[in-house]
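Novice: Mind the numbering: the sequence shown is residues 1270 to 1809 in the numbering used here, read in order.
Note that these hints are calculated values from the structure, not bench results. Keep in mind that this is a model prediction, so the values were computed, not measured.
Heads up, simulated DSSO-like pairs for lysine-lysine below, C-alpha to C-alpha not over 27 Å straight-line:
1) K1455 to K1317
2) K1317 to K1547
3) K1455 to K1547
4) K1692 to K1455
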Amino acid sequence: MSRRHVDLYGDTAREPLLASSNTLITTDSDSEDDVFERRLDPSDDQRKLSYEEAVEEAGFGLSHGLLLVVCGWANASDAVEILCVSFLLPTARCDLHLSSANMGLLIASIFLGMMLGGCVWGYLADQIGRRRVLVISLAVNGTFGAGASLAPSFWLFLLLRFLSGIGVGGSIPVIFSYFSEFQPRKRRGAMISALATFWMAGNILAAGAAWMIIPRTFLHVELGGLDFQSWRVFVVVCSAPSLTSALIFSLAMPESPRFLMEAGREEEALAVFLWMYKLNYRGNLKSFPAAGLLVVPKEERGGREPVVRAGRSQCICHFLQQVQATVTQLFTGPLTSRSFALLIIFYCISFGYYGLWMWLPEFFKRAEEGGSPCSNMSRAQSHENVSCYPVKTAVYMEGFITAASNLPGNIFTILLMDVVGGKTLLSGSLLVSSVSVFLIYEVRTKGQSLLMSCVFSGVSVISWNALDVVGTELYPTHLRSSALGFFAGVGRVAAIMGNVVFGQLMDSNCALPIVVVAALLLVGGLAALRLPCTKQTELT
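Given these sequences and hints, build the entire structure.
Specialist: See below:
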């Protein structure tokens, strides 16, 4: 949608045109053929809709499909940016002179950036709007991600990936808040599950790009003293989805109508609903039955006081106080028990998933050298004495297969989310994931390792999809992005710890972190049982 203003007032008395029974609404840039004609029944002259009523009346159709594609591409771009590091490690470790410990630090730096970004961007999204934060965070992600391809040393590469992670930390929680606030209640679970499947698409895209690009060692040029190898080309390619997503949101997408209503911006919110209505009922003369929207009174709005314009230090202190106050609300009153349960779940699943998943290409590489990567530790050797070339394409083929194994879990989630409920799927999938991870420890061959990795991938994605749905439904609008950002930050701490642990133990006792991952996923599954049921609940 172009950023157009809907003229809701007459030319003379400035009376709201929405109160008339025969209304013609146009936008500044509309042609005569593009005029949206809307006639209200007399009985609807003074009717004002709540948020949930307006979403229902706007219908379901083309606008939601457009939102799914655009938000899905943004979600996929985050997956590409995070996972690209795990795919380039088996080759980049030679050029950057990386040990296993350094590889763990490199992966951890991304999640450290995501932790900081999640808290800051999530808070800002609840203050200045979802769309604006998405544009900025996606641009930060893509810009620094691409810049990392030019880093000549490990420490500069690590710094740039950290800065890229700050951008990723903003877009991941905000994209789900933004998307959920356009969805009708009865379809919200399935639509958020569909959005979550784009993480799999990003995973497959990253794995496929790695398979196609990194083994092509002829894709390199000399840039001064820098040998621009094929893995650096791969890094540049991985930044493209984030940059294109930022561009699309800045040029074509509206702000969340729920956020606009909470901020008291009734006319802008109504314009968004009319945009949805027009797309969903193309060619249909049915009218949008409303004279306006029931916005939240100013005194009842939460957390949207403008930042004090004072000195820089005072602004920073005020900002930190606001963030602290917001986080405190998450652990106050009826939100306390669900917040503690989510705290445990995010920590357990993030330590387990990212701690293991980011190292799967390294597992496959060691299995390619013969046997299980953990059962025969005599094969562990210093990376300084190992050649990365020629690149073994089987490592990337296996990564692609593992990424594609997300598909059954995603289909399963979409079909059953609104039937079974997010709580049940979250708890059950975490428990099954725990068992599948423990069995990875027991494998003895390369084929068994690939099979169990695929099982873990297919089951764990159900956990993430369910967590995305449950997380958006547990908190009110003025806390939703902040809550998701905070818990995502907790997850990043866990991911950092998981990758540092794997990095330290991969060459000495890689079975230990695998057992720890299995135990944590079990704890997370039990904690999910403490969450309230949110199936088809209304957003507050």
